[in-house]
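Going by our numbering, the residue at position 118 of the sequence shown is 118; the numbering climbs one at a time, nothing skipped.
It is worth saying that the hints were derived from the structure and are not from the lab.
Careful: at least some of the hints might be erroneous.
In silico SDA-like cross-links for lysine to any residue, where the CA-CA straight-line distance does not exceed 25 Å [as the list claims (entries may be wrong)]:
no., residue 1, residue 2
1, K173, I229
2, K202, A189
3, K121, L221
4, K121, F103
5, K162, F45
6, K52, T118
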Amino acid sequence: AGFIVDTFSYFGLFISSIVVCLLLFLCALYCDDISYSEKMDFKQFLKIFKNKEYMYMVLIYVLIYIVGMADQYVVIDKMLKLKANGFMIGVKWAIQSLMEIPFFLFANTLLKKYRAETLLKFAIVMYGIKFMLYGWANSVVFILLASILQIVTLPIVAYTSKLILANIMPSIKASSQMIAMAFFFGGSAFITPLVTALMIPKLGFDYTLYAFAIFTCIPLLLLLCKKHILH
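Please put together the full structure from these sequences, using the hints given.
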């Protein structure tokens, strides 16, 4: 995408998007349909929100995704300040996308050795380290290198969320996961831009990134104190 914008401007990205959408449509025509047996009524919907452990984990994940969403706003703005072009920003997203593949290949092996919550704690700590490096970075290349830590952040968070929530609500695991994801993405996408818009003019990019790194202590502490707080 960065290469297309730099070479053919945003109109080239417009044409490329149309081509990709047409290809996706053609692929969808040949996809087999699936049967979906899980039923969801209003009582079950309320049941989800009455489950304290479920809501507690949703809160933790929303806080994590608020930090993760800053990767799409503050980090990109800092790269632009460091004179990064569209291609370099595209490289950042390409690196992070590529880094998500290894975890999913070895996820089952890791889960045989470690509990999902243990992996989540590790991912939160690595999020803090990654944002510390983002704040410390003084070049685009350093930010690109720091983005390699995507391998131990977002994929672990996303994968463990499915396992943990499914374990809490096994009877309606698909619906409970969909509702949770709406909170993860919707809540973070709403909160992070508003918060960063206030923080960056006052703190600058570096200290804003440091603040998000420190903020990861909140979901980590909530996870460490989960049993005590719920009890």
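Hint check results:
no. : hint        : result
1   : K173 / I229 : holds (24 Å)
2   : K202 / A189 : holds (21 Å)
3   : K121 / L221 : holds (9 Å)
4   : K121 / F103 : holds (15 Å)
5   : K162 / F45  : holds (18 Å)
6   : K52 / T118  : holds (20 Å)
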